[in-house]
Amino acid sequence: VRPFGPERILEALHANATTGRSFAVDAEPSTVKIGEGRLRFHVRSDWDGYLYIFMLDTENKAVSQLFPNRLDRDNRVV
1 VRPFGPERIL
11 EALHANATTG
21 RSFAVDAEPS
31 TVKIGEGRLR
41 FHVRSDWDGY
51 LYIFMLDTEN
61 KAVSQLFPNR
71 LDRDNRVV
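Per this note's numbering, the sequence shown starts with residue 1, numbered consecutively.
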């Protein structure tokens, strides 16, 4: 039995997601250093909904929510 760590949480979220819906995300730039830049992205979706972005820190085994955040609270996709 594998421990239920951050990787398994993200796997479970993905496994239980609604199928048959597609979306695309373009990030600018593709790499950002923490504290040195801003991650910008554009989302296109055929469906209305809400967007959440999480970061998995594999070194410290931690999950952090990147979006929505205090700078941008509007996570509705239309």
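These aren't lab readings, by the way, just hints derived from the structure by calculation. Warning: the hint list may mix true and false statements.
[As the list claims (entries may be wrong)] Label-pair ranges, simulated between beta-carbon atoms: (1) R73 <-> E28: 12 to 22 Å; (2) G5 <-> R44: 11 to 21 Å; (3) E59 <-> R21: 17 to 27 Å; (4) V25 <-> L71: 30 to 40 Å; (5) G5 <-> D48: 27 to 37 Å; (6) L56 <-> A24: 16 to 26 Å; (7) V32 <-> Y52: 10 to 20 Å; (8) D74 <-> A24: 15 to 25 Å; (9) E59 <-> G20: 29 to 39 Å; (10) A12 <-> E36: 30 to 40 Å.
Predicted model only: the values in this text are computed from it and were never measured. For glycine and all other residues, C-beta sits at the position ideal for the given N, C-alpha and C.
Comparing the hints with the structure gives:
no. : hint                    : in the structure
1   : R73 <-> E28: 12 to 22 Å : holds, 21 Å
2   : G5 <-> R44: 11 to 21 Å  : violated, 32 Å
3   : E59 <-> R21: 17 to 27 Å : violated, 32 Å
4   : V25 <-> L71: 30 to 40 Å : violated, 18 Å
5   : G5 <-> D48: 27 to 37 Å  : holds, 32 Å
6   : L56 <-> A24: 16 to 26 Å : holds, 21 Å
7   : V32 <-> Y52: 10 to 20 Å : holds, 18 Å
8   : D74 <-> A24: 15 to 25 Å : holds, 19 Å
9   : E59 <-> G20: 29 to 39 Å : holds, 35 Å
10  : A12 <-> E36: 30 to 40 Å : holds, 32 Å
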